[in-house]
Structures are given as C-alpha cells and as structure tokens.
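Chemist: If you read the protein sequences in the order shown, they are chains A and B.
If you count the first sequence from 1, you need to add 12 to reach my numbering.
If you count the second sequence from 1, you need to add 130 to reach my numbering.
Rather than coming from a laboratory, the hints here were simulated on the basis of the structure.
It is possible that part of the hints are untrue.
Okay, the calculated beta carbon distance ranges per label pair [unchecked claim]:
hint, chain 1, residue 1, chain 2, residue 2, range
1, A, K17, B, Q1065, 27 to 33 Å
2, A, V66, B, D526, 55 to 61 Å
3, B, G461, A, R81, 22 to 28 Å
4, A, G68, B, A788, 25 to 31 Å
5, B, D1064, A, G68, 40 to 46 Å
6, A, G68, B, G1078, 46 to 52 Å
7, B, Q1065, A, G65, 44 to 50 Å
8, B, D760, A, D63, 15 to 21 Å
9, A, R81, B, P1008, 46 to 52 Å
With a straight-line cut-off of 25 Å between C-alpha atoms, the simulated BS3-like cross-links for lysine-lysine are [said to hold, decoys possible]:
hint, chain 1, residue 1, chain 2, residue 2
10, A, K36, A, K78
11, B, K730, A, K47
12, A, K83, B, K730
13, B, K900, B, K917
14, B, K781, A, K17
15, A, K17, B, K993
16, A, K20, A, K36
17, A, K36, B, K510
18, B, K621, B, K510
19, A, K16, B, K785
20, A, K47, A, K78
21, A, K83, A, K47
22, A, K17, B, K785
23, B, K623, A, K36
24, B, K387, B, K398
25, B, K425, B, K1081
26, B, K1081, B, K781
27, B, K357, B, K398
28, B, K1081, B, K785
29, B, K426, B, K1072
30, B, K781, A, K20
31, B, K730, B, K510
32, B, K510, A, K47
33, B, K993, A, K20
34, B, K510, A, K83
35, A, K36, B, K917
36, B, K326, B, K283
37, B, K993, A, K16
38, A, K36, B, K621
39, B, K935, A, K20
40, A, K16, B, K935
Heads up, the beta-carbon is just placed ideally off N, CA and C, and yes, glycines get one too.
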Amino acid sequence: MDGKKLVKMANEIASFFAAEPERKTALEGIAGHLKRFWEPRMRREIFAMLDQGVSGMSEFVVAALKEHRAKLEPAGK
Amino acid sequence: MDSNKLLDAGTPARTSATTVSLQIDGVPVTVPAGTSVMRAAISAGVKVPKLCATDSLEAFGSCRLCLVEVEGRRGYPASCTTPCETGMKVKTQSKRLADLRRRTMELYISDHPLDCLTCPANGNCELQDMAGVVGLREVRYGYEGENHLVAEKDTSNPYFTFDSTKCIVCSRCVRACEEIQGTFALTVTGRGFESKIAAGPTNFLESECVSCGACVQACPTATLMEKSIADAGQPDHSVVTTCAYCGVGCAFRAEMKGNEVVRMLPHKDGKANHGHSCVKGRFSWGYATHPDRVKKPMIRASITDPWREVTWDEAIDHAASEIKRIQKKHGVGSAGGITSSRCTNEETYLVQKLVRAAFGNNNVDTCARVCHSPTGYGLKTTLGESAGTQDFDSVDHADCVIVIGANPTDAHPVFASRMKRRLREGASLIVVDPRRIDLVRMPHVAAQYHLALQPGTNVAVLNALAHVIVTEGLAKEDYVRARCDVAEYEKWKAFIGLPKNSPEAMAKVTGVPAADLRGAARLYATARNGAIYYGLGVTEHSQGSTTVMAIANLAMLTGNLGRPGVGVNPLRGQNNVQGSCDMGSFPHELPGYRHVSDPKVRELFGAFWGVPIQQEPGLRIPNMFDAAIDGSFKALYVQGEDIAQSDPDTKHVLKALASLECLIVHDIFFNETAKYAHVFLPGSSFLEKDGTFTNAERRISRVRKVMPPLAGLADWEATMMLSRALGFPMNYSHPSEIMAEIAALTPTFQGVTYEKIDRLGSIQWPCNDKAPEGTPVMHEQEFVRGKGRFMITDYVPTDERTTRKFPLILTTGRILSQYNVGAQTRRTQSSVWHAADVLEIHPHDAEQRGIEDGELVSLQSRKGETTLRAVITERMQPGVVYTTFHHPESGANVVTTENSDWATNCPEYKVTAVQVTARARRSEWQQQFDSVQDQQESLLPKGALEKGALKGDVR
Chain A
13 MDGKKLVKMA NEIASFFAAE PERKTALEGI AGHLKRFWEP RMRREIFAML
63 DQGVSGMSEF VVAALKEHRA KLEPAGK
Chain B
131 MDSNKLLDAG TPARTSATTV SLQIDGVPVT VPAGTSVMRA AISAGVKVPK
181 LCATDSLEAF GSCRLCLVEV EGRRGYPASC TTPCETGMKV KTQSKRLADL
231 RRRTMELYIS DHPLDCLTCP ANGNCELQDM AGVVGLREVR YGYEGENHLV
281 AEKDTSNPYF TFDSTKCIVC SRCVRACEEI QGTFALTVTG RGFESKIAAG
331 PTNFLESECV SCGACVQACP TATLMEKSIA DAGQPDHSVV TTCAYCGVGC
381 AFRAEMKGNE VVRMLPHKDG KANHGHSCVK GRFSWGYATH PDRVKKPMIR
431 ASITDPWREV TWDEAIDHAA SEIKRIQKKH GVGSAGGITS SRCTNEETYL
481 VQKLVRAAFG NNNVDTCARV CHSPTGYGLK TTLGESAGTQ DFDSVDHADC
531 VIVIGANPTD AHPVFASRMK RRLREGASLI VVDPRRIDLV RMPHVAAQYH
581 LALQPGTNVA VLNALAHVIV TEGLAKEDYV RARCDVAEYE KWKAFIGLPK
631 NSPEAMAKVT GVPAADLRGA ARLYATARNG AIYYGLGVTE HSQGSTTVMA
681 IANLAMLTGN LGRPGVGVNP LRGQNNVQGS CDMGSFPHEL PGYRHVSDPK
731 VRELFGAFWG VPIQQEPGLR IPNMFDAAID GSFKALYVQG EDIAQSDPDT
781 KHVLKALASL ECLIVHDIFF NETAKYAHVF LPGSSFLEKD GTFTNAERRI
831 SRVRKVMPPL AGLADWEATM MLSRALGFPM NYSHPSEIMA EIAALTPTFQ
881 GVTYEKIDRL GSIQWPCNDK APEGTPVMHE QEFVRGKGRF MITDYVPTDE
931 RTTRKFPLIL TTGRILSQYN VGAQTRRTQS SVWHAADVLE IHPHDAEQRG
981 IEDGELVSLQ SRKGETTLRA VITERMQPGV VYTTFHHPES GANVVTTENS
1031 DWATNCPEYK VTAVQVTARA RRSEWQQQFD SVQDQQESLL PKGALEKGAL
1081 KGDVR
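Construct all of the structure, not just a fragment, from the sequences and the given hints.
Modeler: What follows is the structure, encoded as structure tokens:
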C-alpha cells in the first residue's frame, strides 16, 4: 500500500475527531474508525510505519495507534 | 399522445375532508369536494366526451365538447370546469347536447386533414375517437375556405415531430409544459383564427424545450408525435417497468411490438413520477439495441492480445480458473469485485455474495463509493439509517427548500419539476452552489437566497447557518430535548456557538456575505416545514461525510424530521445507488448496513450460505487500486461500472488496472475499463431481465423483462455461473427467489415480496411487521438509532489549494441530456444537445487569459492535462470553472486528484486547482487515449463490433 497516502488518510480522520472536547473520545473515535473501515493490510502498513518512526503522522494518529494497538492490529498476516 | 387514454378521468383528483353527493344521469355519486362534474361522471361509469381535458392537467374549458345540463340551471356548462355541488342533478346526454357536440366536432374536422388511415396516431387519436363518439357523419362547411392545412412539419427535435396542420389548439401541450414540467417553453401565439402553438421563434430544437415528452403525451392528436411510433406503428402490448437512469426511479410502460420497444411512456400510477418523465427515460432508450452491444463472451491472455470470442462456459471456466490460480499464489485477499448501481438489487446482492462466499473475503465495493458513500456514513451516524428520510411527495408540503450541492433540473429532472411546482405555489428557496444553477432563477421560480460559496466550503456554510439558529434562539429546543441525545447536543451547541462559526467569521472562507447567511438561516429555521435536498456537491469533497452530518444537525436543530414536508433528502445519482448500498455492497457491511465485525450477523449469513464470513472489512475501490499497484491485489470482477472513466486521477486508475492479472468486465458495452480486461462478459440491459431497483426515496420498484437478453444470459445468471465454477453453487431459477433470501436475512426488507410489490406498485423500505406496506417517512416517532446524535462538524479546509500556477478551482457535474459516463446516452440521439464536454468559464477569467467562446483550451492540474472547448458564461463565478465527464476523450478525470472524503474515501471531484490556457492542441494524454483506442479496436474479433464501437456514439 502507498504509505504516504495512508498517513494522509489517517491524519484526515484525526482532524475530524480532534474536534471532540475530550481527548480520550477523540482517540477512541480515530481507532474505532480505522478498525471499522480499514482493511487489515492497510492497518498493518500504518503500524509498520509507526514502528519505523515515519514522519508526517499527526500527534492524534500516533497516540490513537499506540493506545489502541491491541484492538487495531489484525491477527496473522 | 398517451395510449393509456381509457384510464383518463379528465381532471385531476381532489383530496378533501368533505364530500359532496350528486346524481349524474340518475346515478348517485359521492366525491371529494372540489371534484369536477367530468371526473365525478367517470367515477359513476359515465364518460363525457372531451378533447382539451386530461386528468394530468387542470381543467381549461376550451373545447366545448364536455357540455352537460344541470337541472335548475340555464345553459350548458363545461363539465371539466364545473365543480360538483351537493344535490346537483346532471344530464350528460340529451338531443340538444348531442347537437351541440356534433356541431363543435364539425368545426374541428372542417380544419383538420382527413388522412386518418396514414396518420401515425391512427387507432390512438382522441379527435378520431370523439368524431365517432358524437356521431359525426358530415362536414357541411367544405374545405375550400381559409384553413391551417398547409404548414411545414417541425422535425428538428430528434425524438418527436410537431405538425401544426393537425393541431386543434386545445392547449394541452402548453399547459403540460407549464403545470407538469414547469419549463414554460410553449405558448399560444396570435388570437382567434391566427392562434398557433409555438416553441420559441424558430423550432423545438432551438427553443427552451427540454424534451421531457409531457407535451407529446398530452397531445390528443398526431400534432406532437414520437418519431419511433411514426416509424414503427402503434404498440401491441406494454409492460410496466422502472427507468434505468437517475435515482428518481420513474415507472414507465415499455410499449412493445413483439420484442421491440417502440415507446417508453411514463406510468401514471408510478409513485415516484406520477406520470411524468425526462428526456432520458422517455426517449433515450435506443442504446439498449445499439449495434455496439457486445453479444458474445470474449477472453484473452494479456491486454495486448487479440480478443477471442468463446462460449459462456469457456469464458466462465477461464475466469474462475484465473481467480483460483491468483488466490492460490497471492492469497485469498488478492481478488475482489465491484457491484453496479445500474444493475438490479438481486444482481448486486449476488455479486457481494459471490465475493464474500466464493472469493472468501470482503473485498467488495460499489460505485456509490464515488458518489454517496458519505450519505451512508453521515446519516447512519446521526440518525441511525443510511438513507433519505422522505418520499418525493413530501416536497408538496415543504414551505422552505434548501438545495445544496445538487442541480435537480439537470440531474433529477422529474423530481425537479415536482419541486418547481411547489416553489411556484409559494415555498421559499435557498440554493447553496458555486454555480448559478437554473433553479436560482427560471420562469416563475426565484431563489430567495443564492449562497454562491467557494467550492470546498460547504461545512463552513452549514456551520454558519446553525450558528445563527442557535445564537438567535431559533432552535426547536423542545424537539431536540425530546428526540435527541441531550449530552451530545449540549457539546455540539457549545462548539457551534463559537465565534469562529459565525457568518461574519466564515464569510472570509466561504465568500458568502454574512447578511445572506443570516437571512437564509432565519428563513429555514422559521418555516413551518423546512426540507433539505442535496447531491454530489455535498458528498464529493474531502469533508463529504462531515457535510452530511452538518445537514442532519441542521434538520434536527430545527425539528425538521419525522413528518411530511421536511427531512434530509439525498438525491441519488444512478438508478440503484440506494439499492446497491442496501444490498451489502460496501466492504464493511453485510446487507442491511450491518457491520461484518458483528458476530451475530456473520453467523446469520454464514449459516444461510453455508460458509464462514470474514470479520475484517475488505478493500474499498481506491484501496483496491493502491493494492493492485503494490502487487497484493490481482483479480477484479467489475459488473456494470466503468471505473476507468468515472473514477478520479485516471492515470493512477489505469496503472492499477494494468497491474491486474485478471480483470473481468461484465458490461453491455466494451467500455473504457474493458480496454484493460482479460475476460469480457456481455451484460443485459434493464429491458432484458427481471428484478428490482430502489430509488432515492427507498422505493423498491419492479424491473420487468420485456425482451430476451441479447447475449443469452441476464447478469444474475452469469454471476451464478461464475460462482458455480468457483465451487460455490448458487441455484436460483428467478430473481424473486433472490429477493426472498434478501428478505429472510435483512430486517428492513423482511416484508418485501414480488407479490407485494406487484400488488402495491412499489414499496418503500423499511417493510416489515411494524410497517407491512412500507415507510414513506422515516423517524416519525423516534430516530432509528433511538436518540438523534449531533456531531461536531469542524470546518477543515481541503489540501487542494490554489496557487499562482493553478489559480482556478475546477468543479465537475452533469447535464440533462447525458448520463454518468455517457455509455448509454452517447449512443442515442440525445447527443445532439451535448456532443462533447465543454469547460464553463466566467467572462473575467476568459478575458484575462485571452480565451474566446468555443475555443479549444488547455485544462491543467497537478495531476494532468486535457483540452476542452470553452463556454464563456456568467453562470460561473470568477475563479471557478466547470465541466462534465460524459465523454471519455475529454478526460475530466485526468485532471481530478486522489483527494477524498476522510471517512469514506469518496473522491473530491468538486475541488481541483487548475490553470486554463488559450490556444491549445490535444493534450499528450488525449493523444495517448487515441492510440490506445485504435490499438484496442484492432484487437476486437473481426465482425464482432462495427468500427467506432469503442467511441460509442450515435449511429
């Protein structure tokens, strides 16, 4: 998958949920959206980029991925 | 004219709480107050002769044929214009009446050509019928006097002729154009003997006429006559079916001679269209038997190989073996499918079932991805159901209408006529659109506010409207507190009240004067019934889903949900967009919008289908393209969708398609996508199969087969063959059995059967034990999700920005005579109105660039370049240009970007930063397009298709 595009998509998702007054709700919103709408290979790719420290991810995206990693990581390959 | 004349009650039905009782020819009859004597007579089984009256038009009282006698009254009143009164005693037959009628007919016939035997209306002419009814036996006046018997026939319109020598100046055509269509293109010129019907100063083609066919249908003679009937003669039978164009879903009677369609007439009992039509449904059906139709399956090993015509068995076996090979090598997730909004519910259901059960993954998506997927997301989140809230009839009760990001007179013309009628009755109108669409100002319709916003700022405008309503105390607090989640509302209210959302603050972004925004907000909030209608100008943005939620917020805030006259109304682009979404075409949802992660739903489908359902969402169309390019997605089955032309960033799409090892295209024409295909399965048009379509108002209507499939199989049968070859047998003998399965598995369709649709005419889902005959208006008592949910909709500008290099914004849309990628309409005479896509540009922008009207100009974006002819018009605002995507060689999507809605990946077609320059030559991409076109045409089997089949124009 195109990693750069995934980062852009994730950042746009975050910019919607970032308007939530409660940070916890915002992070849950981001994670919930990725879980419900992103096919496993897309989620795998973004975690790989997170682990590699790829730049460009918004702070909200990074926090949501880290906080909800167990829920978001697809099983197997 | 309408061959359904036997059912004509003469004047429109009236609804009233009170009734009146009278006697007609001694027969007692009771009718609603306001009913005409003519209509009451027909309800009593008494036919009164008539010519100028028809039940789709208000009575006019000009022909003097429907005279009656009323006991105790002097004279002979026209029964069409005389309302019934209690105690009235009416006589429709007497010697005196017979004499009067016969003399009137004598006058008509004295100035009418007596060529009945060779007249195209022979056997279906009201004038002829009335001559018989009144017993006309002679015309005493002769034919030597002054008359109208010599005049040139106007044949300019491609679909019908106007022969004034046969005209009786009954004005039915003029009134149909005014009352039904609302275009006011026709008029009666001159007075007395000089009275003539005229469509503008020259002819029909050059007039304001939109070729809806209402005048032709209303004409009682052969004055206005379909060319298809003149050519073929009168039909021998008819079948009621549903139009395959836009999301209005008009009911039509396909009038047939054997297996040949000779006319499509809008069905009077059709609940979406009530007997009206537009140029596409009424006339643009010739594509169905166009010589470009592919009639035999074809296969090839690579996209540079010649095609080989094969049997269905060989094509299907080849396709199945390729899918199996690819999945074995690259994994289960390397294959997927795309369902079509142009196919039936049953066919769409089967394709998603094929992908989930036979492919074994959830990689299924639909063309709604690129149009209304944000509607699904936004309305499900706020109201609980991924669908519009009203029926079309609801607009009759609206007092204030907001049209945002929609151009109904072009894209949903039959509904637009209905809306215009309500606007002429006095409802107010707010148009939110960067362009001055026709609705802003047209005969007898004018928007109170046209909020001509900058493309990409819908959310800013909607937030500003909500800000005014909240801060000026115009919110329906009682409604909100009773019907909505109050905690979410309070949170949203704090957000929307922030100064940054005020019209004054937002004016800098939107370009809309704050005073107009405040005025529009007050108008909508204080109307008794406020209704919002929207289209792709809302959804096809980076904030498409946010905009849909902002619309829902606005409707909840003002209590405008849950009754007739209000609501949130998405105008769907294609005929079965709603249905394809309902049927589980999205990669994250099974039929009925139930997420694949829900174990109970998976278990339900898994048990019924006998296979496990994957719990993870599949790839969406843009994700499929990216995965194809990265090498993890290799096989795609596309039914009835031309992704190579319709999807944005064409070069990216073509690169993805060229990366596939097996692309199966299932379509009625060899479309742009087929140039990259390895298997071509010939599809069936809507005339060649049974099934159902679901329109924008959730109305499920029957599609009925009127001719055998040209290629031998309906699409659902071909999908079944492919599934069987993949080892997952499907065994349906008729689409009604597929609907039975859908009903068994989908709560909102639980009560739907073909028998019930046949009985009721159509059904709006939800249809179940709670609503056995369907649901015209949703959310009446409570929202589907329980409490309505206000969502915070912060305005986030798109990444697509203008610069010195790309200083203009391109926005795209469609026009009346063409449809979507044009594959159907380009192959009809409708191309006379739109032979090529053009670029609309404001005079100021044109002048700055030295561009002249009609000149070929270059349109460049960061993604690519194409050329189009310029049309200089003040419909555009400075800084914004516009084009359509009906012709592949125009390459509108070569220019559009990969930007998309944050929630659904719906492409941002409506905002592309561009530059336009004068004196252009065909772009590099267009030259490449020509070369691919020539190459692919040379690879088609000799004699299979005529030269030019890939271009797809009218021949």
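Chemist: Each of the hints needs a verdict: does it hold here or not?
Modeler: Evaluated hints:
no.	hint	verdict
1	A:K17 to B:Q1065: 27 to 33 Å	holds (31 Å)
2	A:V66 to B:D526: 55 to 61 Å	holds (56 Å)
3	B:G461 to A:R81: 22 to 28 Å	holds (24 Å)
4	A:G68 to B:A788: 25 to 31 Å	holds (29 Å)
5	B:D1064 to A:G68: 40 to 46 Å	holds (43 Å)
6	A:G68 to B:G1078: 46 to 52 Å	holds (48 Å)
7	B:Q1065 to A:G65: 44 to 50 Å	holds (46 Å)
8	B:D760 to A:D63: 15 to 21 Å	holds (18 Å)
9	A:R81 to B:P1008: 46 to 52 Å	holds (50 Å)
10	A:K36 to A:K78	holds (13 Å)
11	B:K730 to A:K47	holds (18 Å)
12	A:K83 to B:K730	holds (19 Å)
13	B:K900 to B:K917	holds (19 Å)
14	B:K781 to A:K17	holds (16 Å)
15	A:K17 to B:K993	holds (15 Å)
16	A:K20 to A:K36	holds (22 Å)
17	A:K36 to B:K510	holds (23 Å)
18	B:K621 to B:K510	holds (20 Å)
19	A:K16 to B:K785	holds (18 Å)
20	A:K47 to A:K78	holds (14 Å)
21	A:K83 to A:K47	holds (8 Å)
22	A:K17 to B:K785	holds (16 Å)
23	B:K623 to A:K36	holds (20 Å)
24	B:K387 to B:K398	holds (21 Å)
25	B:K425 to B:K1081	holds (17 Å)
26	B:K1081 to B:K781	holds (19 Å)
27	B:K357 to B:K398	holds (22 Å)
28	B:K1081 to B:K785	holds (21 Å)
29	B:K426 to B:K1072	holds (13 Å)
30	B:K781 to A:K20	holds (20 Å)
31	B:K730 to B:K510	holds (20 Å)
32	B:K510 to A:K47	holds (17 Å)
33	B:K993 to A:K20	holds (17 Å)
34	B:K510 to A:K83	holds (23 Å)
35	A:K36 to B:K917	holds (22 Å)
36	B:K326 to B:K283	holds (13 Å)
37	B:K993 to A:K16	holds (17 Å)
38	A:K36 to B:K621	holds (15 Å)
39	B:K935 to A:K20	holds (23 Å)
40	A:K16 to B:K935	holds (24 Å)
Hint compliance for this structure: no hint is broken.
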